[in-house]
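Turn these sequences into a full structure, and let the hints steer you where they fit.
Protein chains in written order, with the numbering used here: chain C, 38 to 158; chain W, 37 to 447.
Simulated from the structure, these hints should not be mistaken for lab results.
Calculated lysine-lysine pairs in the DSS-like style (CA-CA distance at most 25 Å, straight line): (1) W:Lys233 <-> C:Lys111; (2) C:Lys60 <-> W:Lys427; (3) C:Lys111 <-> W:Lys260; (4) W:Lys65 <-> C:Lys60; (5) W:Lys444 <-> W:Lys325; (6) W:Lys64 <-> C:Lys60; (7) W:Lys194 <-> W:Lys65.
Take a look, some chain W residues computed to stay more than 10 Å from chain C by CB distance: (8) Gln62; (9) Asn92; (10) Gln94; (11) Glu100; (12) Glu104; (13) Leu167; (14) Leu214; (15) Val227; (16) Asp241; (17) Leu247; (18) Gly252; (19) Lys260; (20) His353; (21) Asp356; (22) Val380.
The model shown is predicted, which means the values in this text are computed figures rather than measured ones.
Heads up, the beta-carbon is just placed ideally off N, CA and C, and yes, glycines get one too.
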Amino acid sequence: MNPPVSIVIVTYRDALQKAAEKKGQSVESQERAAVIRLSPGDLKALGVEEYGRVKLRSDVGIVVVEARLDRSSKPGFGYMPVSRYTSELISYDPTKAKLPNFKRIEVQVEPSDEDITIWAT
Amino acid sequence: MSLVKFVCTGCSCLCDDTEIEVEGTQIKKINNACVRGAALLSAADNPQRRAPCSVNGQETSLAEAVEEASRLLQQAPRRLIFGLDNSTLEAQAAGMELAQALGAVIDDSSSFCHGPLIESILTGALPSGSLSQIKDTADLFIYWGSNAHQSHPRHLAKFFLPFYTELEEAGWVQKAQLCCVEVRDSETSSVCEPVFKLLPGGDRDFIAQVLNISGGGEGTPEAKTFVELIKRSHFGVIFAGLGLTYSLDGDYSLFAEMVQKLSQWTRLVVIPMVGHFNMRGFNESLYKKTGYINKVSFASGISHGEEFGFLEQVRSHLADCVLVIGSDPFSSLPHHVLRELEGVPIICFDPFITPTTKAAQVVFGTAISGLEVGGRAIRMDGDEIPLPVAKSSGYPSDEEILKRLAEKVSG
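Take a look at the structure:
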């Protein structure tokens with residue numbers, strides 16, 4: 038397996054994911070939420086194909102999600118919709134910043150054979 | 037069946053041209069709603085999604101839930117009230133009265149999102165204007181750190197396109213310029229020209245460059261183009277999104293300096309892209325009552341400080357009982373902080389079943405503001421919007437429950 042790659046995650050809003058969550062469509066909501074969009078270079082460095090699984094590890098949490106190709110993404114940055122997945126990775130430490138790091142989550146990304154993270158409801 | 041007006045409370049656009057057709061208590065048809073508004077209306081009629089009143093997971097009557105909630109609030113020495121951003125102004129006032137009666141801390145989600153921006157506007161540090169003021173007069177629109185297409189799906193269609201396009205022989209012609217400052221390609225950036233594309237976290241540097249150029253100094257070609265664009269305009273509007281707030285870590289001082297500097301060439305106003313439909317209402321109401329927009333304690337008169345913010349209260353174990361009203365912190369806030377709530381009783385008001393209602397000891401299933409209960413709200417631009425009742429339901433309003441709780445804890 039390829040070594041981990043350092044990525045800064047920037048969260049964004051996904052209207053369809055939020056709509057599915059509101060309507061109680063848990064599978065659709067989860068499928069839209071459990072993704073990270075990465076640059077072609079970072080996917081290659083990870084040795085992961087699009088739709089392959091990756092483990093994201095921040096200072097405060099770990100999740101397994103699906104990797105997606107984002108040709109407009111700069112290397113070193115990844116994009117995820119705001120959801121239960123990102124809240125597992127986001128940290129809040131007022132000695133470092135006033136606000137939680139929604140737009141700057143530092144993670145180590147590595148290829149994974151594990152299932153996509155799902156929480157008991 | 038007839039069409040009924042529904043002021044959509046799916047976000048702070050508060051679209052007032054949405055219509056629903058109701059048969060009995062069921063919605064049969066929806067006109068002019070975006071994906072978010074339609075999801076709200078669809079969930080409203082789904083009994084599987086609606087939250088019943090419950091205590092410790094067991095469905096109860098409203099009276100029993102009020103009894104248990106007031107008991108929990110009375111026995112806790114340090115109470116925290118959080119939320120109210122999805123409640124009417126009337127319910128917010130009742131929530132603030134309850135906080136005062138309990139000597140509680142009160143805060144809302146603005147303390148970790150748009151709060152600093154709204155505070156700058158309310159204190160006059162940043163110029164703002166209402167959508168009715170900018171309509172037909174502004175000639176430059178800048179979405180900064182906001183992909184409105186996803187966060188506020190009808191924002192462009194409702195507040196920009198109808199007023200700034202004209203049918204000419206060549207087709208629809210844009211009368212105003214639409215541009216954006218963004219960190220990634222988005223649906224919104226795809227209709228903007230030019231797009232000022234920054235690296236994530238690069239807003240402060242970009243603002244510094246703009247300031248430098250405005251003062252006669254040097255800067256990047258992008259910053260020069262930005263300043264030229266401002267100079268050519270007569271009335272510019274910046275729609276400030278969460279991307280900007282988080283990039284600046286809530287410190288709008290340099291941004292305010294930039295707006296002031298650029299205002300020598302044009303009229304420039306800033307409108308926050310508020311998410312929750314009445315977050316601005318909460319901020320304005322609390323500001324009028326206490327002089328602060330959020331993070332207030334009524335424990336000893338009126339106090340304000342970072343320690344009264346929701347995340348800091350939870351992180352530092354400063355609350356013994358948390359009352360969450362119309363908010364779902366367990367869905368999107370840092371879980372490593374929320375784990376600190378273990379053992380702390382949570383009382384939650386929500387029309388829907390959410391991760392927060394699932395974590396709560398007492399749940400109040402409430403009426404949906406703007407659909408099942410009327411009132412007033414403050415739109416993102418500061419205009420007060422009346423919310424008529426669009427259909428009936430058997431659910432109690434936030435205001436009714438808050439007043440019953442206030443009676444209980446005061447009596």
